[in-house]
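With the hints as your guide, set chains B, C and D onto chain A.
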Amino acid sequence: MIENAYQLIVYVLTLLGVYEWIYGIFQSFGIDYVLQIIIVFVEIVILFAFVLVTVMFLTWMERKVVAMVQSRYGPMVTGPRGLLQPVMDGVKLIGKEDIIPAKADRWIFTLAPFIVFIPALLVFIPLPFGKSLIISDLRVGLLYIIAISAMSPVALLLAGWASNNKYSLMGAMRAVAQDISYTIPLALTAIAVVMFTGSLSTVDIVNAQGGTWFGIIPKWFIFIQPLGFILFLIASIAEMGRIPFDFQESESELVAGFFTEYSGMKFAMFFLAEYAHLFAVSGIIVTLFLGGWEGPALPFIPVQLTSLVIFLIKTYAVIFFAMWLRDTVPRVRIDQLLNLGWKIMVPLAVLNLLLTGFIVVAGVI
Amino acid sequence: MNAAEELKRLLPNAVVSTGIQINKPLAVIRKEELLKVAEDVKEMGFDHLSVITGIDYTDRFEVVYNFFSYGKKQNLVLKVILGHDNPEIDSLTTFWKGADWLERETYDLVGIRFTGHPNLTRILLPEGWIGHPLRKDYDMKTEQFVMLGEDGEDVVSTDGSKLLRRK
Amino acid sequence: METEELLLNMGPVHPSTHGVLRFKLRMDGEIIKECNIVMGYLHRGTEKLGEMKTYLQFTPYTDRLDYISAFPNNYAYAKAIEELAGIEVPLRAEYIRVLTMELNRIINHLVFMGSLLMDLGAATMIMWGFREREKALQLFEMLCGARMTFNYIKPGGVRDDLPDGFIPKLNEFLKDMEKRIDDYEQLINENEIFLMRMKNIGVISAQEAINYGLTGPALRGSGVSYDIRKLEPYSIYPDLDFKVCVQSEGDSFARYMVRVDEMRESLHILRQVVDTMPEAKIVAQAKYGIAPMTGMPSAVSTYFPRIFAPPAGEVYSRIEAPKGELGFYIVSDGTTKPYRVKIRSPSFCNLTAIPRMVVGLKIPDLIAAFGTIDVVLGDVDR
Amino acid sequence: MPWISKNWTMKGIIKGLIVTLKHVFHIGGRPTVTVQYPYERMKLAPRFRGKHAIDEDACIGCGICEVNCPNSTITIVKYNTRWFPQFNLGMCMFCGICVDVCPMNALKMTGNYELADYTRESLVYGPEKLLFKKEANQ
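Protein chains in written order, with our numbering: chain A, 1 to 365; chain B, 1001 to 1167; chain C, 2001 to 2382; chain D, 3001 to 3138.
Quick look at which bits of chain D chain C covers, simulated, 3 or more residues with Cβ under 8 angstroms:
| id | segment |
| --- | --- |
| 1 | 3011-3022 |
| 2 | 3043-3053 |
| 3 | 3088-3102 |
No lab work stands behind these hints, which were simulated from the structure alone.
From a predicted model like this one, the values you see are computed outputs, not experimental measurements.
All C-beta atoms in this analysis are idealised placements derived from N, C-alpha and C, irrespective of residue type, glycine included.
Isolated chain A, as found in the complex:
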């Protein structure tokens, strides 16, 4: 039984008939743990490459969706339908001068973009991209995800503070207030899901959603937990910091929020983190409520591949929704957002938890 990506790599190598040979070489030197490290390293490289490509694709997709809504074409010149535009953007950003404001805190200012980026990458570790396509199936996977995403406000605060700019500081303050007030409903609704599965492991959650009722309706948690889904969706859009909840940037009020002073590669890091986060959060929504990679299996095609495709389709559907919403609604005001979070979302999440408790105890489903 293949359980995670490590074992999958080993399995693929075995199929190719080279694993025994490579393993033999390493064993003859008595350093077979090095092979393990190398394979883990390969995994990380693949994940990193995947995230980078996804982020590039997402920036392109965002532009295209915005353009379609606005009766435009969007990027069309570089590459087919402008597909290479993100590459050009990257090249441009690398070529930009890296400006550090004279009165900024140099060290923290430089460090902040990396601190932003690392949690965005770490979130991917317990995320099941497909059957057995998971870096590590942590037993506390969901807790890990929520804990890691709760780290990002620290980095935003560092960035805002170190910039020594009033707009940056206000943006950072807003980001922190927002993240804290929305992590709570996020966690509470996630717990409601966990009450069904009895496990925090993401793989278990996905497996619990396999199969159908009456042969038609898939056993996704969205059908058991509609309120929970809506709350989680709203909370995660707020967590991602996208319109209608993009207070960290809110360009018409705070110029660019906490990354007002950043330029060049550091700016690109924030950008990267933002879109990686978007993908990760959408993936979590899919995992928790939309059945993850569960779906029809096709004959003759490895289940890993079909499940990956199904997962990506679902995730991109959620991402499309986020982009679509962004093009439709204006921004909420910061105090209204906090009111919404504390006065509506948290009580509703608790209510949801209570209802779920009744259902679980009654054993209806």
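Same frame as chain A, now just chains B, C and D:
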């Protein structure tokens, strides 16, 4: 009887003369009585102060107030004639809040001082600008440069040698 | 705990100040304690230029005051001179003038809606608005050869007659526009977030609005049924059937709704103008500046010499521009150049109320209130 | 929370989402309208006010355009024994007054609007760049 004549009936001392300025009743009033006239004008229902214009006639200044009444749907033009040296006139900000910026603009561009104005500073030009541009004797030959000072406020000088782009 | 007031400089270069306006804000956290407006970054001395150019030469400069809606500027200046010199304008010219001005009102309100919603974070509307604006700009290009700075309405008439194929294209635009306004209203009018941001924000009562000298949609949003087109009818407005759009709440949303309604009303006016437009009697192209040589007034402009000096006098003439009351105070001393040109620009006077409106609100509210006042910095700074 | 009790359906937002979705799929006459500028161009109106052109035969070099230009864009210069206007397009605001006032109808404005350049000097367009012959043009 138009509004200007009514005003003359109410305050015969304040109104110097009345007339018509292309469809609009015009009253020329004495500078000292402006506040009293303004009070009466406001009571007559002229609630909208359209515009304040300062005109430099090289020998005298004229300040023209255009009023409109939403209730009566009437116009009224008030004109005050000031001496050319040190032109000063009472501010109407207590009656019409909208007069605030219009008076500041008149002060800025024509150089008429409005006594009693809460914040009579330049509005379109930076503080420290030399001369009032809409005066006929304004020196248009001298170039003036605005630079950002140490404390973030504008600094005006006639010396442009410190500017980056200078031929 | 020791707290400190925050001094925040919004602008002169800021995404939502619509140009180069600077708010000096004294803030308590996110709440505005005091708002000072610093302007003049776009001051070009238009009034001084007016004193140095001849009457004809000054028309293109008026285009550059409120560059979003330049036709009303042209017209206000032309009307002032016509009143000063007692010039009769051909009827067809008046129809063309009203046509251009109402079309421009629609454009102005489109840009208003777009920029307001962009400031609120919904970037879609500005693109949709510009999509329709582009069609109108193409109409303007057909009409006078320029897209934003027209120099078309001149004292005594207009520069040129309507080109061939203009009316069918205009009709197409009008038909299209009706549907588009439905789209806009569906997109945003009932949007809960939008209502939350706009209702009860930047409230100003009718009494105060009048006292502060607000005009145009900003005043009509406070419930004062006032429109110079009705109160002091000019051009052919007395013959047209239209109503004054008024909302009573006086908040940002009321000001927004006034403008949306006005767009529909302008479409209504445009349809009437197209239907009742008098035919050109004199088809010969008597071009504007050549009038002294041909000596013949045309269908769209009266006889008007190249060197023109109106009689000495003073005039204050005002019109209802899309943003409010636009007035020109012109003093003539009988020479070819005006002695004094004073421009009463609606943006400048409407901006007066902003510091009063926003005290106690937050930065996002300042942006909403400022957006609904709808200023153009070219008009504020002149 | 009176607000949420009134608005919990989020009807307005859903309405907006429908309109934007209609635009995404071009339903009901909502096409893409962008013109890919350098590759395709819009048709200009015949009255478009772009770069000037001087009719070589008609121009008498009288200088009326020079006098009437609001921005002093025009100077009359000598070119091939005759006098013609020279335009400093860096100062021109394309108002068209010079065309209006020309007593000989010698000036016209073409549809050339791509006039960006690297130096101020190269924006001065002398008669050698602006002259045209009416016969040759027709």
